[in-house]
Amino acid sequence: MGLADIATLIRSKNAGPFILTFDILFADLASYRRVKDSGALNPAAFAKLYRCPVEKVRFFECENALALKFSIPRPLTQGELGDGDMHGGQQFIPLMNVEIP
Amino acid sequence: MATDKFQQIRFISPVGSVGGGISSPALDEALAQAPHFIACDAGTTDAGPFSLGMGISAFPREAVKRDLSLMLRAGRTANIPVIIGSAGTAGGDVHVDWVLEIAREIVAEYHLTLRTAVIYAEQDKAYLKRLLQQNRILPLDPAPPISEGIIDSSSRIVGMMGVEPLQQAVADGANFVLAGRCSDSALFAAIPLMQGFPPGLAWHAGKVSECGTLVCETLGKGVIFTTIGQDEITIRPYGAGLRCTPQSVAAHSLYENANPYLHRECSGTFDLTKSTFEAIDDVRVRIRGSEFISEPYTVKLEGAALAGYQSIIVGGIRDPHIIRQLDNWLAEVRSYIDESVSHVLGDAADKGSYSLTFHTYGINAVMGSLEPDPKHLPHEVGIVLEASAPTQEMAHQVAQLSRQPLLHYPIKEWGGSTTAFACLHNPAVIDRGPIYRFNLNHVAVPNTPLEMFRTHFIDLGGSEK
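If you read the protein sequences in the order shown, they are chains A and B. The numbers in my numbering rise by one with no breaks, and the one at position 4 of the first sequence is 4. The numbers in my numbering rise by one with no breaks, and the one at position 177 of the second sequence is 177.
Mixed in with the good hints there might be a few duds.
To be verified - Straight-line alpha carbon distances no greater than 30 Å define the calculated DSS-like cross-link-like pairs of lysine-lysine that follow:
| hint | chain 1 | residue 1 | chain 2 | residue 2 |
| --- | --- | --- | --- | --- |
| 1 | B | K274 | A | K36 |
| 2 | B | K221 | A | K13 |
| 3 | B | K274 | A | K56 |
| 4 | B | K375 | A | K56 |
| 5 | B | K375 | B | K412 |
| 6 | A | K13 | B | K412 |
As the list claims (entries may be wrong) - Across the chosen pairs, the derived CB separations fall in these ranges:
| hint | chain 1 | residue 1 | chain 2 | residue 2 | range |
| --- | --- | --- | --- | --- | --- |
| 7 | B | S147 | A | L81 | 16 to 22 Å |
| 8 | B | L450 | A | E63 | 39 to 45 Å |
| 9 | A | D37 | B | K274 | 20 to 26 Å |
| 10 | B | P378 | A | K48 | 23 to 29 Å |
Source of the hints: derived by calculation from the structure; they are not laboratory data. Everything numeric in this text was worked out from a predicted model, so none of it was measured. Cβ atoms here follow ideal geometry from the backbone N, Cα and C, with glycine treated the same way.
Here chain A stands alone, though its shape is the one from the complex (with noise of 0.2 Å):
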């Protein structure tokens, strides 16, 4: 199953001008749990999603928020030349079929 079939929202965005963020809430504890303790999210599966070294990689579980939390510096800051995406909202794809085993 992919994680977006099983994550109520799964979203990016600066968290600043020079890190871009990813949250993964789910609607119950049980979901939150399945994703959690499967394994399958983790910061070298990040890091090769995000083609970023492993080290760069920072990792949340926030059971109170049913949440999984990912940081990474940006490739480029925000606003950069080249940079496509202002406000980081749309680089959650990737993580949307990552397979939950």
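Guided by the hints, dock chain B onto chain A, whose structure is given.
Just chain B, lined up with the frame of chain A:
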């Protein structure tokens, strides 16, 4: 200021950003609950570096005026202070003055009197260079390089103030505090901290309230009303159909933050690791357990520098022969443009002085290097060509010189001259004006919390001398 013998303090966050559109009925409903102050943030870096660099607001003037008018009148009706921070989007001096001018109009139109504290946050370059020499400017991660030259070349640098300048203004009798760049949470934490409420709760209350109804389950028209007690925060919306739920309030700490648990402010970090969120009823949530750790005082710096001027061409390609070889075709078009530019502009335009960027919509314009599926070919590709150069005239000419190669650069699949590129506009070239870049991600270590900020008192309205 009476705060029920300091048992609790109540405030209104009327909207996530001044100009976002305050719900007037919801504001009235919240005002009836005896708040002690109203606070609202008016800025963000999220709009991009242009506002800071150029010195203009990203919100329309009339929208800012409407919201500011509602807040200032509500503040006078209830006889409570109104605190506005990060004025005019970027919180530079010119942005603060722009909002001050709007406030003057409102005061005149509604015959208000306002003891106004205007707090400027723009930074003197000589002062910053002294701090740099003393190793009192420190990089955050990731940070671009810093030097005296980079400070000098900035169009504008602001410091993000903490609670201290706001508290000073309130203590000196301001009932309207108009601040330049400011921590969003500090706008709401300033008065509760003055009244001795626990710092972890004061800061967390500010954090969950500052985006208005974004903290609710679904975004809608309304205001946020927050109460801080000695060991808990209660947050609720006013507005039809709006609810705060434990998950929505907890999840709000994720939004636009790299770390959902630790939030660095000037005077330390508030820590939400042990925070608990509990439903009181369908719309109210109780928060407990948030902590604050004092740390050496730092002030975040934001800077923008002129990156040049830009002209663009917008259009598209439908020909499958070209779409199949788009990367190569664009590389050849680019070489052809470079040759034309060097031929026409000569020494004025060596290749380092201008740049051409192709955004290929349908291929990878949105995700760039992160695009997982750049080989998937659509039936149509949208192209935005950006020509950037040190002057508008040069950017314009480079863009003009790009049009013919885009239109007519040949491919071997067709036996004669074709027109490959569908221009959207006539004239095809659009001048975008100056473009800016963020050039700092650093903190300053001042000697005192107040030394980077300048406060002026102005009596607006009837009491003005």
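So, going through the hints one by one against the coordinates:
1. K274/B to K36/A: holds (20 Å)
2. K221/B to K13/A: Judged against 30 Å, a Cα distance of about 23 Å means the pair holds.
3. K274/B to K56/A: holds (25 Å)
4. K375/B to K56/A: holds (27 Å)
5. K375/B to K412/B: holds (22 Å)
6. K13/A to K412/B: violated (43 Å)
7. S147/B to L81/A: 16 to 22 Å: holds (21 Å)
8. L450/B to E63/A: 39 to 45 Å: Given range 39 to 45 Å: holds, Cβ gap about 40 Å.
9. D37/A to K274/B: 20 to 26 Å: holds (23 Å)
10. P378/B to K48/A: 23 to 29 Å: holds (26 Å)
Hint 6 alone, counting from the list given before, is not met by this structure.
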